[in-house]
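Residues in the sequence shown are numbered consecutively from 1, following this note's numbering.
Keep in mind that the hints were calculated from the coordinates and are not lab data. Hints are supplied without guarantee of correctness; some may be wrong.
In silico lysine-lysine, DSS-like type, Cα no more than 27 Å apart, as pairs [what the hints assert, rightly or not]: (1) LYS16 <-> LYS38; (2) LYS35 <-> LYS6; (3) LYS6 <-> LYS38; (4) LYS35 <-> LYS16.
Label-pair restraints from in silico Cβ distances [claimed, not checked]: (5) LYS38 <-> LYS16: 20 to 26 Å; (6) ILE47 <-> GLU14: 29 to 35 Å; (7) ASN7 <-> LEU28: 28 to 34 Å.
For each residue, glycine too, the CB sits at the ideal point set by N, CA and C.
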Amino acid sequence: MTVRLKNASSPIKEVKGGFIWTTLFFFLFVPLFRKDWKWLEIVIDSIIAGL
1 MTVRLKNASS
11 PIKEVKGGFI
21 WTTLFFFLFV
31 PLFRKDWKWL
41 EIVIDSIIAG
51 L
């Protein structure tokens, strides 16, 4: 799967998108260390919903 990234100051770039292996091994800590609060909340909500 590829994703096209577009920026006003540069040409369109195609990058690979796929599974994030760090999330598999460090599930809750990945968004916490990246200070990605929105995805941290989504991960915590999915853990609670799965219980």
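Hint check results:
no. : hint                        : verdict
1   : LYS16 <-> LYS38             : holds (23 Å)
2   : LYS35 <-> LYS6              : holds (24 Å)
3   : LYS6 <-> LYS38              : holds (23 Å)
4   : LYS35 <-> LYS16             : holds (23 Å)
5   : LYS38 <-> LYS16: 20 to 26 Å : holds (23 Å)
6   : ILE47 <-> GLU14: 29 to 35 Å : holds (34 Å)
7   : ASN7 <-> LEU28: 28 to 34 Å  : holds (32 Å)
When held up to the earlier numbered hints, the structure conflicts with none and fits them all.
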